[in-house]
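2 protein chains.
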Amino acid sequence: MANQVQALYDFTGEPGTTEMTITCGEMLTLINTDIGEGWWEGRNSKGQTGLFPAAYVRKLSPEESTPAKMAPPAPRYDQADDWSDQQYNAGDNNYHKSTSHDDGWDDDWDEDTYSEIGPGVPHTKAMNQQAPLAPLPGMPIADYNNQIDDSTSNFSSVGTVRKSKFAPSSKVSGESYLLGTLNVEVPDSDKVYIVQEGDGYMWAAVSQPYNVTVASPKKESKFKGIKSFIAYQLTPSFNNIQVSRRYKHFDWLHERLQEKFTLIPIPPLPDKQIAGRYDEQLIERRRVQLQEFVDWMSKHPVLAKCEVWQHFLTCTDEKRWKAGKRQAERDNLLGLNYCISLVVPEKALLQSQVDHITEQCHTFVSSMDSSVKSVTNMCLAQTKRFQAPYKTDCQKVGEAFYNLGNALSLDEGTVISTSKLTSAIKLTGGAYIKIGRMYEEQPKYDWEPLGDKFHLYKGIVGSFPDVLANHKAAVQKKRECERLTAEHKMEVAQLNEVLRRTDVISYALLAEINHFKQERTVDLKATMQKFLRQQITFYKKIVDKLETTLHQYDE
Amino acid sequence: MANQVQALYDFTGEPGTTEMTITCGEMLTLINTDIGEGWWEGRNSKGQTGLFPAAYVRKLSPEESTPAKMAPPAPRYDQADDWSDQQYNAGDNNYHKSTSHDDGWDDDWDEDTYSEIGPGVPHTKAMNQQAPLAPLPGMPIADYNNQIDDSTSNFSSVGTVRKSKFAPSSKVSGESYLLGTLNVEVPDSDKVYIVQEGDGYMWAAVSQPYNVTVASPKKESKFKGIKSFIAYQLTPSFNNIQVSRRYKHFDWLHERLQEKFTLIPIPPLPDKQIAGRYDEQLIERRRVQLQEFVDWMSKHPVLAKCEVWQHFLTCTDEKRWKAGKRQAERDNLLGLNYCISLVVPEKALLQSQVDHITEQCHTFVSSMDSSVKSVTNMCLAQTKRFQAPYKTDCQKVGEAFYNLGNALSLDEGTVISTSKLTSAIKLTGGAYIKIGRMYEEQPKYDWEPLGDKFHLYKGIVGSFPDVLANHKAAVQKKRECERLTAEHKMEVAQLNEVLRRTDVISYALLAEINHFKQERTVDLKATMQKFLRQQITFYKKIVDKLETTLHQYDE
Chain A
1 MANQVQALYD FTGEPGTTEM TITCGEMLTL INTDIGEGWW EGRNSKGQTG LFPAAYVRKL
61 SPEESTPAKM APPAPRYDQA DDWSDQQYNA GDNNYHKSTS HDDGWDDDWD EDTYSEIGPG
121 VPHTKAMNQQ APLAPLPGMP IADYNNQIDD STSNFSSVGT VRKSKFAPSS KVSGESYLLG
181 TLNVEVPDSD KVYIVQEGDG YMWAAVSQPY NVTVASPKKE SKFKGIKSFI AYQLTPSFNN
241 IQVSRRYKHF DWLHERLQEK FTLIPIPPLP DKQIAGRYDE QLIERRRVQL QEFVDWMSKH
301 PVLAKCEVWQ HFLTCTDEKR WKAGKRQAER DNLLGLNYCI SLVVPEKALL QSQVDHITEQ
361 CHTFVSSMDS SVKSVTNMCL AQTKRFQAPY KTDCQKVGEA FYNLGNALSL DEGTVISTSK
421 LTSAIKLTGG AYIKIGRMYE EQPKYDWEPL GDKFHLYKGI VGSFPDVLAN HKAAVQKKRE
481 CERLTAEHKM EVAQLNEVLR RTDVISYALL AEINHFKQER TVDLKATMQK FLRQQITFYK
541 KIVDKLETTL HQYDE
Chain B
1 MANQVQALYD FTGEPGTTEM TITCGEMLTL INTDIGEGWW EGRNSKGQTG LFPAAYVRKL
61 SPEESTPAKM APPAPRYDQA DDWSDQQYNA GDNNYHKSTS HDDGWDDDWD EDTYSEIGPG
121 VPHTKAMNQQ APLAPLPGMP IADYNNQIDD STSNFSSVGT VRKSKFAPSS KVSGESYLLG
181 TLNVEVPDSD KVYIVQEGDG YMWAAVSQPY NVTVASPKKE SKFKGIKSFI AYQLTPSFNN
241 IQVSRRYKHF DWLHERLQEK FTLIPIPPLP DKQIAGRYDE QLIERRRVQL QEFVDWMSKH
301 PVLAKCEVWQ HFLTCTDEKR WKAGKRQAER DNLLGLNYCI SLVVPEKALL QSQVDHITEQ
361 CHTFVSSMDS SVKSVTNMCL AQTKRFQAPY KTDCQKVGEA FYNLGNALSL DEGTVISTSK
421 LTSAIKLTGG AYIKIGRMYE EQPKYDWEPL GDKFHLYKGI VGSFPDVLAN HKAAVQKKRE
481 CERLTAEHKM EVAQLNEVLR RTDVISYALL AEINHFKQER TVDLKATMQK FLRQQITFYK
541 KIVDKLETTL HQYDE
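Residue numbers (full-length UniProt numbering), protein chains in the order written: chain A, 1 to 555; chain B, 1 to 555.
Treat the hints loosely; a few may be bogus.
When chains are identical, the list treats them as one kind, so a pair holds in a single copy or across two.
Cross-link-like lysine to aspartate or glutamate pairs, in silico, EDC-like; alpha carbons within 16 Å at most [unchecked claim]: (1) Lys347 with Glu197; (2) Lys525 with Glu412; (3) Lys525 with Glu547.
Keep in mind that the hints were calculated from the coordinates and are not lab data.
All chains, please: the whole structure from these sequences, using the hints.
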């Protein structure tokens, strides 16, 4: 029974993957705890096997042999607030590759991503104390108890929020904005302008452009090294002060942004499914995808200046961080209500024109969605092809030549000297083996960065249908108001206000459509050029290698 | 029962292939007659399925429903003597790709290769008339009967000679030469010299070097086009007169050469297993391998001047052909007896030195045999990789980019012009699809010629163990004679003659070992250089294609 675990929460496995759906209280037999990334493999009572998050189950003691339906205990203990180490110490080079997987990386990435500063998940002290999970292996009891006492705010319910998406609440439906019942004064500094450019409308450009670098992630630790985690070092160009952020902070930020901007696609965070054979590779891929995220944020005229992002980018003080966090979570200019911050051209929009553009956008986005996914998949497939069969094929070629050279060297000398030839043939073999290794190395220069870029596009494009739906809902509300006015159930003055505000929402959509177009036109060009240059360099390297080899045959 | 056939002969399927062993009289159910190259697929009574030569079975008429063990009937009718069309008419451009497989190509290549001018297969007129197979489809009965009457000499037993190897007979054991009982005067013009060069011994060089080109094969026909076959056009440089030879003539020649030269590896004829998806490709590969065969022949000091080869290369007259053929088949200087033509240095060889060289050769040849086979297999594998997965992968890359360009083109124009970018991305897609086709085309420039060359080496190297064994047998005979002399059972004078003649045989072996070494040293160098140049050209073409594509992104 040592291999028996009990599900603490419901978990819905993603269809078509190796994930398995488990139900709270269900008994499972452990098959493999060595999956990594916080996943375990098990078998349920029906004999089905699959992966589930390790944190969603508890190991049973030998005594607990009779499966019993239990009330779900309180969620797993999360590491203590690590915000104190948020400011990265530049001299601190404490990144060490750990051989253990119990290093906080998994849960940092996986279940804990919504913890600590996450919103809306109810948790009480009582609940926390009900049945906390065992502390991490190797943690002294005293430390553990300490943490229980002072880390109340760090508990989160891992069982309910995974894969949660922002669900609209009354606070963010935008009806109060649309109907003019929202009475908020937006300070001038927070106002966002939409301007006409040619036939179209654009967000007013970022007044002070900046960029942010995401530096090589460092493994940091706390509790005297017992608990370690990966932190990314962000340096904005406007102040050159580095801040250290964990994935869970990114994730908290991402939720705030998604709540607030329902007409602006928020760039995606790194793909949880990134494959990497080495931790270093995995961490680097995540860094690249985080860099894509911050690049997109910094270049977006609205997102680049929004308060929560600025707070995330610059805050180095724990007290100020908490204050900013509370303020962000109290923000009531969410969803369509955010539009009260917008200053748009006076001109009323033609509904027919807006409809035409949104329909075209809809068509474009559906087509783009499938082609962006296909580029992403293709990059993944090519990476695998380069790293396995292409490499292996080259090595087989190399081995065949090398063995030929070896065979020939058994009959060298005497009458006709063949040593020059046999050595050239062996070198040819070596060259192909080397080319095989070049194939293995290559994806990190072309297919992987291309895939990372298209991960970004997949996220942006995938958010557009929601953006269009949010806009459509506003247009429908407007039509409803028009009907009410026709039926004399609404004042003309109020309708005019609704019309005006619907126009603001449409202006925002049009500006966002154009922003995406402008960004991708510049960005995709640079992406394709960079990709092609890397490909050219690669094939040139093969040519060079083969030319050097050919010269071995010269007299 | 229309699909029932009966085996006319025993056929032993090669283990590990799709071939199936069938036994004379056995009933089989036909599964597929569309295999090509003279093979059919069937199922035996045990339910086993596999391929067997179509010529080894007869189709049963609907009446013959009861399987009955029959005496094997006479072999299948072979096409009439086509020697009259041996001289290729340069103006005759009658090569047409036939869509039918009943065009005489299959049997020309396959079962009939040993027919017509093949030796030693007993056949009588009575046997021929016993139960001839049905004529080829579409052949008028009158023609068919005519042929039966005038083509007696064209029957051969296909059931007994397939895959036959030269089996030594008393005529070729060489004992008569070794024991000095062979009394033949070799005219000076036929004498072959072995000369000392440095520490080693070599065949005296070809006095008048020449080469022979094998031109694009032509499909020729007879019986007013009912029967057609492939003929290869050979032009020796010494007279520039083209002769036309079918595969069966090559095959006859090859048997003569193997009978005559048991100390010289005879280059192999084309691989029967050559894979080609189109007939043209198949025919061209065979031509290339025949070119390798004639090149090796023409460069070999002994083979290049031997009578049967000269006859094969130059005879354009039917009567003279038949006379030459009879003469070649009556040749009694076969096997070791051929050594009577050799003129070697006076110096007696040290047996220990000969033993050392033959042992080294044995070691070298075993190692070479496996590495040559591995290069051959590698070339075949690479050809397949280039033509299928590599091509497909490139095309998938191309399609992903092309579809991306297509998606982007749905949102062109208005505020930001993206047409330049979308067109560049589509062109990038096109470039990768083109590169895919380049991969498909490439093997005929590098992997296939390399494979053809190593097919030659596989044959040569594969013959060396027999060569070494033939030499070893002579040395053992010599030792026996030494023992007999020690026991006073043989005269010292006769022993001295045996010793002298064993030395001649050893000189021949040493000369041949050195010849192979000399040839391969020059030839492999040229082969590898040619191969590498083709590879370089290929990867340069990819670089060019990608560079052109990259320029599409320029403003």
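To see whether the hints hold, each was checked on the structure:
no., hint, result
1, Lys347 with Glu197, "within (14 Å within a copy, 101 Å between copies)"
2, Lys525 with Glu412, "between (56 Å within a copy, 14 Å between copies)"
3, Lys525 with Glu547, "between (32 Å within a copy, 15 Å between copies)"
Checked against the numbered hints given earlier, this structure breaks none of them.
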